[in-house]
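2 protein chains.
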Amino acid sequence: MILRLAIIGYGNVGREFARMLTRKREWLIKNKGLDIEVLAISTRSKGSLLSDRALDLGKVEDELERNGHLRGYGRESTDLSPLDIIDNCDADVMVELTTLDIRAGQPAIDHISNALQSKMHVITANKGPIAFAYDKLESLARSRNVKLRFEGTVMDGTPIFNLVEKTLQGCEITRLEGILNSTSNYVLTEMSKGRTLDDAVKETQRLSIAEADPSLDLDGWDAAAKITALANVLMGAGSTPQKVDRKGIADLSQDDIASARSEGTKIKFVARAERNGPNVLTSVAPERLRSDSPFWSVDGTSSALTISTDLMGELTILETRPVLTQTAYAVLSDLLLIAEWIRCNSL
Amino acid sequence: MILRLAIIGYGNVGREFARMLTRKREWLIKNKGLDIEVLAISTRSKGSLLSDRALDLGKVEDELERNGHLRGYGRESTDLSPLDIIDNCDADVMVELTTLDIRAGQPAIDHISNALQSKMHVITANKGPIAFAYDKLESLARSRNVKLRFEGTVMDGTPIFNLVEKTLQGCEITRLEGILNSTSNYVLTEMSKGRTLDDAVKETQRLSIAEADPSLDLDGWDAAAKITALANVLMGAGSTPQKVDRKGIADLSQDDIASARSEGTKIKFVARAERNGPNVLTSVAPERLRSDSPFWSVDGTSSALTISTDLMGELTILETRPVLTQTAYAVLSDLLLIAEWIRCNSL
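Protein sequences, first through last, are from chains S and C.
To convert, take the position in the first sequence, counting from 1, and add 1; that gives the numbering used here.
To convert, take the position in the second sequence, counting from 1, and add 1; that gives the numbering used here.
Keep in mind that the hints are not guaranteed to be accurate.
Any copy, or any two copies together, can satisfy a pair, since identical chains are not distinguished.
Stated by the list, open to error - Simulated pairs of lysine-lysine, DSS-like, Cα-Cα distance not exceeding 30 Å:
hint: 1; residue 1: K194; residue 2: K248
hint: 2; residue 1: K248; residue 2: K33
hint: 3; residue 1: K31; residue 2: K120
hint: 4; residue 1: K33; residue 2: K120
Hints are computed from structural coordinates only; laboratory data are not their basis.
From a predicted model like this one, the values you see are computed outputs, not experimental measurements.
Generate the whole structure from the sequences, applying the supplied hints.
Quick look at the structure:
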């Protein structure tokens, strides 16, 4: 089977995904009978490409490395907007990797809507659309008989959505608790070593962990978007990040950290979703955790999610020391599930 | 789709699985179009049933509750051996839930071989066959075009095998580390509270956590069987429990526990599998872990596994406070994947 992709948003994740496609090409053909071609690449500031045949991903990488721009790639170079590329591309799958807009999830929602309308499957690593418009997008996907997948939106490529869908079938999710924002977790870990909040935040910016605007991390907006995405998909919450009961960590002082430690606890920034009658309550706040918490060892840039269910009790999945390839892998993992679905539904 | 089962071994897990089938019956029909019938039940000492129509699971439970035996169930009652039941039953799926034999994995291996030969799919929660004969059984299943599934063999129903197969496709597993034996972990936890080893072992027997012969837990045989099953399936080890470098915890004293604590560490019973050239080295031994270990909070009957991969870094999955339904759920989860596979391969 050949699957043709349009990649909208081509930063670190997109480029890493392209390298992964090249690296795993033989494996994909041999083990999955899957030949993947990229027909379009859209970047925000480095030009775009649109073709009716497979782009040369090595050449794309060379252009970006050497010239910082795609305009020299060849006649596939185009000035079309992302939406026009989606509308004019003959791809089977649109991969949405633009950056998060926390206010309304745009323009990613429009990109995804247009692709689904055109009967493309969609994979996104952008949490905005899932936090703001999951129900609408999912029902659009169903009506067009295509799949919408988004493993990369929470905890990089750690299996969460796919884990629940594929390996916890028939379980009802009753509660979710997670450490979902790396920047704030890193800041809290550094503060516990004696650094000030400002110092630690500067370090996250130097390490490129933080969002461009670190207040999105420290005020809990990133974690709020993630717990909303989780609650929408796994618990049918139908919520938005604005509805999360949100308390940030920007006001925490060294005294708070020391006082927590003197009680044998650690302060962690915990996101929660809990069923309350017909509703799902979501919150994000600093909490004092004891050493028997599964989150006790989740320091630095690590993250974790506890999933409580009716049949399977309490599972926790930890992602320790995340590596660059993980969000890119989420896209590949989603792509393989889409290929399986197509194979199963087109026979 | 109707799936007809033969259940060989009908202790706590089998009975809980039957209750779960009843409880989730409507959900299965409505959401999965799946009607599950049990045609045969084989117990070791409480009689067996064989029928060409669905057994009444409520009536089975009543008989076992009231009379402790199935001989009064009706004309479906039979004296046939497990192997004869498998050979004479018109089931689509054989569910193997007999108890572990740590020396050679029998008679479960024969049960599974016979069922696969007869083109039945097989689900087992018995780690013996996967630890002793995985390669042979898996290739038999392939040759008969049926599936062999075994999620319940390690960490109850916690998704491990299904997680890797479904959500980590294309990742190479480079290392596994786990706390896989509840009894020894419980004993170590109790010892760290000041109890003696003997006392703690008696408590596990009272709580029915331990194997009938607790030395299987304390000498590391149970953990050895589990790490072998994991290494065989996920890393192609082709090994047996006898090849595990195995050191038990029966010799640990209060002094060892205290000395570990004085260094800020905890003693945990860790199973490992690691690639070494073309081989996979497996071991089970007590180790001192620091508080940054993802296993730090894994106390009592909880368990955990860290999976190291090429593309997805390090993932850890924790099962905290296991509940009775979990191994039964593993069987249901496997059954749903088999149903999906049949649907996809028979269209």
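**Study point:** Homo-oligomer pair classification [K33, K248; C-alpha up to 30 Å]
**Key:** neither (46 Å within a copy, 41 Å between copies)
Exercise for review: Since the copies are identical, ignore which copy is meant and state whether K194 and K248 lie within 30 Å (CA to CA) inside a copy, between copies, both or neither.
Suggested key: Within. Shortest intra-copy distance 23 Å satisfies the 30 Å Cα cut-off; inter-copy 37 Å does not.
Check your understanding: How do K33 and K120 come out at 30 Å by Cα distance, when the copy is not named: within, between, both, or neither?
Key -> Intra 23 Å, inter 25 Å, cutoff 30 Å: intra and inter.
**Study point:** 30 Å Cα threshold - placement of K120 relative to K31
**Key:** Classified as both; 28 Å inside a copy, 27 Å across copies.
Hint check: a violation occurs at hint 2 only; the rest are consistent with the structure.
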